[in-house]
Amino acid sequence: MEILVCVKRVPDTAENEIEVAGDGNDIERDDLVYSVNEWDNYAVEEAIQIVDKVGGSVTIVSVGDEDAEEIVRREMAMGANDGILLTDDAFEGSDGKGIATLLKAAVEKGNYDLILTGAQADDGAGQVGGMLAAMLDLPYASIVNKIETLDDKKLKVGREIEGGNQEMNEIDLPGVLSIQTGINEPRYVGIRGIRKVASAEIPVWGTSDLAIAADSVGEAGARVKRVDYFVPELGDGAEILDGTMEEMSDKLIELLKAKGGIK
Amino acid sequence: MAGQIFAYITHKTGKADDSALELATAAGKINPDASTTAIVTGAGADLDAVCNEVAKSYKEVWKFNHDALAYPNAEAIRKLLVAVLPQDAILLAAHDTFGMDLCPGLSIKLDAVFAADIVDIEGLEGNILNVIRQEYSGQVSTHVACDITNGAVLNVRPGVFQPDDSGSAGGQVIDKSSEVTDLTTGRRFLEIVEAEVGDVDITKEDVLVSVGRGIEDQDNIEIAEDLAEAMGAVVSCSRPIVDAKWLEKARQVGTSGKTVKPKVYLALGISGSFQHLGGLKGKPFIVAVNKNPKAPIFQMADVGIVEDLLDFVPVLTEKIQEGK
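Sequence lines, in order, name chains R and H. Letter by letter, the first sequence follows residues 1 to 263 in the numbering used here. Letter by letter, the second sequence follows residues 1 to 324 in the numbering used here.
By construction, these hints were calculated from the structure, which means they are not laboratory data. These numbers were taken from a predicted model, which means no experiment stands behind them. Do not take every clue at face value.
To be verified - Derived, one-sided and incomplete: chain R residues facing chain H with beta-carbon distance under 8 Å:
1. 13
2. 15
3. 18
4. 49
5. 51
6. 216
7. 219
8. 221
9. 225
10. 233
11. 237
12. 239
13. 243
14. 261
Beta carbons are placed, not taken as given, at the ideal position from N, Cα and C, and that holds for glycine.
In isolation and in its complexed conformation, chain H is listed as follows:
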């Protein structure tokens, strides 16, 4: 018999994150009959709004309201969860920067198994939970068997499970704030430094010419700039280009960069990691140019060209210029 299922809810300014409803669906894939408990931590008036919102999708909501939880410091929340979770609990969380911070260490403290970045759940066979993950930047998938005899901590990739928006759970909010004990940790939150504003705002552009690792060299950025100019578009990029300092951070598309909503998106030499695609919203028309036919971007794109962008893009640019 598997342990009780919990979902840790992340929230901001009084609203639950999209992942909150996705975790409810994921819990149902572990056990369709499970009564899943949502855990909401924080401080102040915003918290009740989140709890009430989440109670539409979870039968039970545990509320922890405490000043020490005002900012979600994973180290403090880990201490709280270790104290309040029952033995053999299965805890679901989103595989985001908070879940990545919290969950590996939490699994050790609970002596539970940990599986990260789960993209699907096949279900339970006895005490074995079968899940699907990806490796090598999404180039291959793996079946993973987790022995949940002592419980499990499961990080679920945001956006892959349909949100459970039936809103029919009619859940009950239980105030557990009195169970909060000492949450002092060796890591203290100081402040959030907002991302720098660049000279372009890629979030407002209709057409983006986006470059990734396949551009190979800083000098080749020009190839993308020429195409963008010919199309009347703006250049954006994936993370490795910013890491290499070839373009500014404000041009980065992805969960750790900007969320963009263009009509047309050209992905040049971008493999298409989920962190990159997570920043691409509004179902744009996606064109992928990549020399690796296995690149995950081709699964997401509408049109694909299996060529080295360094060969193909100059031809395309010239053709567009000729046509004008």
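With the rest of the complex left out, here is chain R:
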């Protein structure tokens, strides 16, 4: 099975406090730790496990600037065969549809049976997989937390739905799935793994390689635009306790007892 996995380089929210930059045009990017989008990492692991079972190959693709190359390489080190980077100044400022347009062009240069994305990324939209599937006229399932290969034309997939229940579907190939965290246990990538792919060639494709109109992507093509970042003025929020650990503990115990929190 030929599998393409779409990945994104994102600020790691587990490692960073995200703050709005002075003018609201961006977030503070100094000292941010970047990593591969967590959902995408599960998607790559799933692709590798499928290929381990039924044969084929895994290709990683990412839209981003040249810094995204390290993410493509890191995911290749997990055991993917190839990587592609989609980079062009004209891609900057793309909305979800713009990103899907770029990925569609990349998909059409290959011959894939299955295309995976993460269920969502740092902007929490969860849109690119569904858009890509619709553009390609392929069947789609989102928030997938189980994949079983039935034959080379069909998969059985579980979607995570409300209440922790699972919606089982049969889906024809080729198809597009967005992958939920927890579907597997992504393998650890060590320094040795990274070294193995250090010299792997990662082709970089721009507007002309993808044969797309420059005004269909990037800022020019975006009909959904982020105007600014801000921190909303919310209610009072929590009463923040202060003092030493011991003092805070005493205060909290008092509050918990009053609320029936300590039996």
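Starting from the known structure of chain R, fit chain H onto it as the hints suggest.
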């Protein structure tokens, strides 16, 4: 002039989802004078009950009754909506697992813009609809401008808009079932597999000590278990802990886990994503311990402690044990 507004209603066992009335409010924020049409799809007798319920809040309800719609397969419903929606339509849906499945692809097929997980709507300026979203797990908000010249598909976060429960719309139900055409898709629904039952039922507990990513390591779960034991509470968790297989799924609080109604909820190292908070009902007394002062959980909590839980919780546990 913006297009006609529609709301896709999700429902289960003859009852509309809570989001049905929230979407009516959201539609009013796009255009206070709008006459919004609810779309209800399904099969069988349950459907009429849902339509009648929804007609109290929407002037018009389009009913699509067809065997192929018995289970809400987003791929089939997308085909239906592409066929029946007028040009430039604005379609509202809940940002739940169905809306996430349906709406991005639908926007492409309608050539309409898509905005996901909207938390507020500021209104229309000409053909630009201004909405508010959040990024980075709710740590920052963004103003987003959508050009709705060709229509829009808008996913609205459940629970953020007040439900329109005035019940005064006196709406009319229009049976559009005859407009249902071929709904065959490349994805076929098989069955629902119910969540596994665990050894504890966190939905029945009054006091929960809940752990999130801030616990950092499986070995540290013990720190929360010790506190829970000292308090007479039970340990629950957020999604990353289940993903890492450190605790069983039955202990997960959130929209993709259990909905709990405790009196007291201790959130240890939990950032407080809306999916997590969506599983927390009944207005419990919330205590948040998190080393990130920007964590959204502090907006929801009654009491906050800005410390690394790994440092603070052992001190708290010892103090409680001393007091006994």
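Hints versus structure:
1. Evaluation of the residue 13/R hint against chain H yields a held restraint, the C-beta minimum of about 5 Å falling below 8 Å.
2. Evaluation of the residue 15/R hint against chain H yields a violated restraint, the C-beta minimum of about 10 Å exceeding 8 Å.
3. Here the hint on residue 18/R is kept, as its CB sits about 4 Å from the closest CB of chain H, short of 8 Å.
4. Annotation: interface hint on residue 49/R violated; nearest CB of chain H at approximately 16 Å, more than 8 Å.
5. The beta carbon of residue 51/R is not positioned within 8 Å of any beta carbon in chain H (closest approach about 22 Å), and the interface hint is therefore violated.
6. Hint on residue 216/R is violated. Least Cβ distance to chain H is approximately 12 Å, over the 8 Å limit.
7. With a least beta-carbon distance of about 13 Å to chain H, the hint placing residue 219/R at the interface is violated under the 8 Å criterion.
8. At its closest, the beta carbon of residue 221/R sits 11 Å from a beta carbon of chain H; the interface hint therefore is violated under the 8 Å criterion.
9. The restraint placing residue 225/R at the interface with chain H holds, with a minimum CB-CB distance near 5 Å, inside the 8 Å limit.
10. Interface hint status for residue 233/R: violated, as the beta-carbon distance to the closest one in chain H is roughly 10 Å, over 8 Å.
11. With a cut of 8 Å, the hint placing residue 237/R at the interface with chain H holds, because the nearest CB-to-CB distance is about 5 Å.
12. At its closest, the beta carbon of residue 239/R sits 5 Å from a beta carbon of chain H; the interface hint therefore holds under the 8 Å criterion.
13. Against a cut-off of 8 Å between C-beta atoms, the interface hint on residue 243/R is violated, since the closest Cβ of chain H lies about 10 Å away.
14. At about 4 Å, the closest approach between the beta carbon of residue 261/R and any beta carbon in chain H falls short of 8 Å, and the interface hint on this residue holds.
Comparing the model with each numbered hint stated earlier shows that hints 2, 4, 5, 6, 7, 8, 10 and 13 do not hold.
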